[in-house]
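*Asks:* Sequence:
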Amino acid sequence: MGLRTPLYGTHVSGGAKIIDFGGWDMPLNYGSQIEEHHAVRRDAGMFDVSHMCVIDLTGARVREFLRLLLANDVAKLTIPGRALYSCMLNPDGGVIDDLIVYFQSESWFRLVVNAGTRQKDLKWISEHAADFGVEVRERTDLAMIAVQGPNAIIKTVPLLPADARAAALEIARFSGTAFGSWFVARTGYTGEDGFEIMLPAEDAAAAWLALKAQGIAPAGLGARDTLRLEAGMNLYGNDMDETRHPLESGLAWTVAFAPAEREFIGRAALTRARAAGGPVLVGLVLEERGVLRSHQQVSASGESSAEAGRAAPLAGEVTSGTFSPTLNRAIALARVSKGMGPKVLVDIRGKPHAARVVKPPFVRNGKALIEI
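As numbered in the working numbering, residues 1 to 372 make up the sequence shown, in order.
Read the hints as simulated data drawn from the structure, not as lab findings. Incorrect hints may have been included.
As the list claims (entries may be wrong) - Between beta-carbon pairs, the in silico distance windows are: (1) P342 x E35: 30 to 36 angstroms; (2) P80 x P200: 20 to 26 angstroms; (3) P91 x K351: 39 to 45 angstroms; (4) R272 x S13: 51 to 57 angstroms.
Said to hold, decoys possible - Here are the simulated DSSO-like pairs of lysine-lysine, each with C-alpha atoms no more than 30 angstroms apart in a straight line: (5) K212 x K155; (6) K343 x K359; (7) K338 x K367; (8) K338 x K351; (9) K120 x K76; (10) K17 x K155; (11) K212 x K17; (12) K17 x K120; (13) K76 x K123; (14) K359 x K76; (15) K343 x K367; (16) K155 x K367; (17) K212 x K351; (18) K359 x K338.
Quantities reported herein were computed from a predicted structural model and do not represent experimental measurements. Backbone N, C-alpha and C fix where the C-beta goes; we use that ideal spot for every residue, glycine too.
Input sequences plus hints: build the corresponding full structure.
*Replies:* Printed below as a string of structure tokens:
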């Protein structure tokens with residue numbers, strides 16, 4: 001038996017297929033993964049993301065601490081409620097985790113980190129927080145429900161606490177606001193508008209059922225993965241990890257090299273990596289039938305390594321791949337040599353398949369952003 005969120009029983013009674021996900025018993029789907037995907041793109045769907053780790057950081061020097069801890073710069077956060085996406089790096093520039101940080105006050109910032117990295121993140125954060133007198137509090141008392149889709153907000157607001165409804169409509173994108181014991185953020189992992197709601201664990205089941213009664217479709221991890229990949233969003237452990245730095249993971253935009261005097265963990269290593277150059281993360285669209293999966297080899301030559309029977313010049317490999325329900329074709333993120341041409345071959349079960357290099361995202365707000 002794995003770890004279970006406060007909504008585990010609700011998922012089981014709702015007919016969800018439960019799988020192990022990083023040690024957690026989580027819903028893969030409730031029937032048709034494709035229908036769950038389309039519900040989010042076309043209307044509204046919801047996910048249990050209570051396995052994610054919410055961490056409150058408090059103290060007089062918390063902003064100073066985060067300017068050292070994160071590659072992005074929380075000095076950009078000047079309006080309470082605003083959020084920032086960043087990587088947390090080791091001294092070699094490798095990604096310990098990617099996360100969202102919410103600025104609530106000069107003495108309170110909230111982090112949301114990945115479930116699979118929870119323990120190492122807490123250890124790393126706590127070790128460095130001690131020097132700044134920052135208190136680190138893991139919010140195990142909270143559940144989190146993500147409601148995503150073009151109709152997510154209008155369907156969700158009536159179910160929020162009465163004193164939060166009007167204000168929730170005014171929350172800017174990539175911002176989050178506390179309403180008593182509830183925290184409502186206009187963020188997500190699907191490429192659609194919507195909310196991520198952090199609420200007391202004891203309120204989660206009732207909130208889930210109320211959202212379902214509003215016509216918001218329950219969705220599992222399967223649809224969440226196809227949605228995030230269409231949106232060109234990285235998955236920790238696939239597209240980046242401690243052996244890869246942000247510059248080769250499509251995340252250069254999350255690194256704040258200015259101002260030059262700010263020291264952050266991993267800065268020296270990233271400065272060297274930026275000068276040296278290296279591989280880049282790109283999008284791929286398969287031009288023929290097949291399915292793209294992690295670790296498939298990508299070749300710039302006219303033959304795959306498997307068919308050649310010898311070491312063919314490889315351009316890189318797929319880091320995340322799936323079938324896109326919105327585009328009706330296979331898509332992927334791949335780490336390849338810088339300067340790759342627009343056409344490549346992907347080795348699928350020993351046979352080369354033609355693919356086109358594109359700039360992600362593939363889909364945002366229900367619309368295709370690439371030619372198909």
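*Asks:* All hints are to be evaluated individually against the structure, with a verdict given for each.
*Replies:* Now the hints, each set against the structure:
no.	hint	verdict
1	P342 x E35: 30 to 36 angstroms	holds, 34 angstroms
2	P80 x P200: 20 to 26 angstroms	holds, 22 angstroms
3	P91 x K351: 39 to 45 angstroms	holds, 42 angstroms
4	R272 x S13: 51 to 57 angstroms	holds, 54 angstroms
5	K212 x K155	holds, 10 angstroms
6	K343 x K359	holds, 13 angstroms
7	K338 x K367	holds, 28 angstroms
8	K338 x K351	holds, 24 angstroms
9	K120 x K76	holds, 26 angstroms
10	K17 x K155	holds, 26 angstroms
11	K212 x K17	holds, 17 angstroms
12	K17 x K120	holds, 29 angstroms
13	K76 x K123	holds, 26 angstroms
14	K359 x K76	holds, 26 angstroms
15	K343 x K367	holds, 24 angstroms
16	K155 x K367	holds, 21 angstroms
17	K212 x K351	violated, 45 angstroms
18	K359 x K338	holds, 13 angstroms
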